[in-house]
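Start from the sequences, fold in the hints, and give me the full structure.
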Amino acid sequence: MKTAQECKLFGAYQALAGIEDAVVLLHSVVGCNFGTLSFHVPNRMQDIRQACTVISDNEIINGGEKSLKLALDSMLELYKPTAIFVISGCVSEMIGDDIQAVIEPYSQDQCIIRYVESAGFRGDFCDGYEHALLSLADLMEPYKVSAKPVINILGVSTDDYRAAADKKELQKLLGDQAELGTVFSQCTLDEVRKAPCAGLNLVLGHGIDLAREMKYRFGIPYELIDYPFGIEGLKEICEIFDRRFNINFSEDLARIKNEISLGLEPIYTYLQACYGMPAAVIGRDARAKGLRRFLEKELGMEVVRFARREEVGDLEEFYMTVRNSEVAVLFGSSFEQDLADELKIPLVRFDYPIFDEVCITGRSFIGTSGVLCLIEDILNAVMRNRVLKGALY
Amino acid sequence: MFSEEFLTLMYPSSLLHRFGVNGKISGSIGAVGEMRNVIPIIHGPKGCSFHYRYSARRRHQPFYNIITSDLTEAEIIYGGEEKLCQTILNANEVYHPDLIMVISSPVSDILGEDTRTVSEALRSQQGIPVVSIASELFSHRDKNFTRKRLKELANQKITGDNRLEMELKGCGFTEALYALVEQVMLPAEMVPYSVNIETLGWGSEGKRILTEIECFLNRCGISVNCRIPSAPLERLVQAPRAQLNLVKRVRWAKRMKERFGTDYLHIAQLGRYTGLDGICTFYRDIGSALGLDEIMEREIQLVRKQALAQTEEARVTLSNFHGVLICRDVQMAPFELKLYAQDYGIGITDLCIILTEEMRRDLDLTEKLERKLMTRVQDAVNLYSKETRIRVNPDDAMLRKLFSSADAIVGTSDFSLEGKGAPLIPGMNENTSLSFESYVRSVNRMRERMLSRKERNSLLLNQMTFSTRHYPLIDGSKGLAARELWSRLWLHREEMVSK
Chain A
129 MKTAQECKLF GAYQALAGIE DAVVLLHSVV GCNFGTLSFH VPNRMQDIRQ
179 ACTVISDNEI INGGEKSLKL ALDSMLELYK PTAIFVISGC VSEMIGDDIQ
229 AVIEPYSQDQ CIIRYVESAG FRGDFCDGYE HALLSLADLM EPYKVSAKPV
279 INILGVSTDD YRAAADKKEL QKLLGDQAEL GTVFSQCTLD EVRKAPCAGL
329 NLVLGHGIDL AREMKYRFGI PYELIDYPFG IEGLKEICEI FDRRFNINFS
379 EDLARIKNEI SLGLEPIYTY LQACYGMPAA VIGRDARAKG LRRFLEKELG
429 MEVVRFARRE EVGDLEEFYM TVRNSEVAVL FGSSFEQDLA DELKIPLVRF
479 DYPIFDEVCI TGRSFIGTSG VLCLIEDILN AVMRNRVLKG ALY
Chain B
25 MFSEEFLTLM YPSSLLHRFG VNGKISGSIG AVGEMRNVIP IIHGPKGCSF
75 HYRYSARRRH QPFYNIITSD LTEAEIIYGG EEKLCQTILN ANEVYHPDLI
125 MVISSPVSDI LGEDTRTVSE ALRSQQGIPV VSIASELFSH RDKNFTRKRL
175 KELANQKITG DNRLEMELKG CGFTEALYAL VEQVMLPAEM VPYSVNIETL
225 GWGSEGKRIL TEIECFLNRC GISVNCRIPS APLERLVQAP RAQLNLVKRV
275 RWAKRMKERF GTDYLHIAQL GRYTGLDGIC TFYRDIGSAL GLDEIMEREI
325 QLVRKQALAQ TEEARVTLSN FHGVLICRDV QMAPFELKLY AQDYGIGITD
375 LCIILTEEMR RDLDLTEKLE RKLMTRVQDA VNLYSKETRI RVNPDDAMLR
425 KLFSSADAIV GTSDFSLEGK GAPLIPGMNE NTSLSFESYV RSVNRMRERM
475 LSRKERNSLL LNQMTFSTRH YPLIDGSKGL AARELWSRLW LHREEMVSK
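Just so you know, the sequences run in chain order A and B. All the letters of the first sequence, read from the start, carry residue numbers 129 to 521 under our numbering. All the letters of the second sequence, read from the start, carry residue numbers 25 to 523 under our numbering.
Each hint should be verified, as a subset may be incorrect.
Taking beta-carbon pairs under 10 Å as the criterion, some of the chain B residues facing chain A (in silico) [stated by the list, open to error]:
#1 K48
#2 S50
#3 A98
#4 I100
#5 Y102
#6 A158
#7 L161
#8 L484
#9 M488
#10 R507
#11 E508
#12 W514
If you're looking for bench data, these hints aren't it; they were derived computationally from the structure. Owing to the predicted nature of the structure, the values given are computational and were not obtained by experimental measurement. Ideal Cβ placement from N, Cα and C applies to all residues, glycine included.
Structure, rendered in structure tokens:
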């Protein structure tokens, strides 16, 4: 089987490593550390807040608790973090280390230390992400709901390489009428604590377990939405604000539509080229669905092959359906480059992991500029894909 | 050539290695990635096969087709051999590979899965082309190898006359080649004057170098039987036809010698094969191992003469320049001096060795060991450049003073030294390998760079906080804490635990 997604450990890492003043300790073998780092580093080289306990032969025989303690002591000394998330891996779970017992004596210190069970053989990305995000509920404190509507966003991963830009765009959209609260997990620990002051949790596919828990503990309602690509994505958010907070964004939405329209005029013939064009999309739940909505409803493309990674058992089976289609462009992660090369079609990257592009200009894929950036990327990918030459016409 | 180098640098390998090492699976995937129509199956949970697609030892591009046996809790309890068997059958049906290589993971190693028996049964009973790679060590390579090697190296003559042959245990690449020797190669009649060449670790213009080496060997009457492991499978099967293996790693070669009697020449000899003289020595060693000393010597002299003629103008030009040689690697310093002073002919006024506190600790440098290494540096000065002064960790004022009278700073890519009084010629320009052509290119390139040298006082990189001490890591970042943490947990774990 060629897997379409990662194991539980990667899910936990993506849920927690983005908490800026915390550090992640992988109680595992070196490969897990290097693997997670490999996807993290391409866009955030200056921000390395992780280590691994380097489980080796000795730990297999004698247990890894000593190594864990050593790593915790060193992490506390070197980083002085507000929190340490100890993410276990397959091996530490197999040898039966009592991780909770090791971290308990530290609990009186200033630093919060949490153990997040994440053996890869026990689940996939979603299991790890949900489980890890849910573990943050215990850190939250009841807060008075803010007078101004505040929303939290759940489902953003540490290494979603445009997430920081998307966050800014969302805040821009809300303007003075509402406030963006905690964006899990591109936030600080303090923001995690204060998350209950929000009036609503917007769940972008993942993070539903934490949303339910916050509803149970703090009475915060939640809405499950697709990633807000395109005008339709923004419209969905606006409708929620209207319904939940009686805030009307219709003027803003009209302005955005107008700006996008003006932005696209200089390249309108290229936009016409997209109309009716068959495409394939593979991505994580909310991202994949949000993109499909944008491509179909707004660009008028035909998404003839579509897969949510969570539902794909063997990636090869999805690839086979794409091979047997007339797809003209593929949307996926950096790992889909191989298929794109094979089919000689352009690949537009929008889903984790993306390790062969950088994003340092704050180009979001949502909001006014985001729609334009996304279309720009799609058209440029098509234009650069000059592999088809010959007497076609 | 540099386009390949540039592309390879887009995988931030050197940065990642400051904070971790990859599991040995990465080396095995790297070996499989060199082969044609071979599918790797990682016998482990699916997460391993996901990330090793990118984090494998393949900086030029990901390895997309990695299959997983997807071990779950059920297999942890009841064993995963049946699932492995199904995975192999399925991979064979879907991909029709020439060969399937099963790679153990830490999980299957703990479970004690007998992947070799599963593979052999499928091979013999159903004709499935599958072999398995056995783990010599758990999870990763021997972490003390570099330090052990340094200790041995300190006792070596800088000319490399006494050979150093050390085995790296737990290297995934070696484990994969070992499996090929054990399970793929078949006995064959030896073809006189033929060699196999191991193909990993040839640097940025590796393919070109290998072709050039092959051409030279051919003109000496030596044929290349196959490149290991990059040759097609049918050639690998016939690898024992070669009289001699030219190898970077000895462990698999020793096994091949045991099984098929194929002799080997270890070509990762620091010093022995450095520079133009080193290239000549390399071919002499091959000639000697094959019993072709005379013909080889004749060709060596001929091509050497050509190489000197092709670089004469460049060397004359370079001899008019004076440089300060910076070296961050005390064990490499003698060979760097040899290259710059002897091969390029640049007057090296000062050899500055940067040996930070962190390097000393990580290399486990005792005073005695450091003294031995410094004696080697002094030997190199005596041999190659008597006028050169050795300086260890010169401070900023001293560096500026040295640079003020130099034409260029050479031997390093430490851009934090830019703007201190002399132009810097980045170290990447020096990449002499084992072909005469690479020597010629390297010398001529150095001349060009020297003539067009310029100080770069406005480097964007130097708008950030870098220092020679922590180069290439950015200063004041969380990265320094991560680096220190890794050093403690990887290299100094035992000392820390005993404290």
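* **Hints not upheld, ascending by number** => 5, 6, 8
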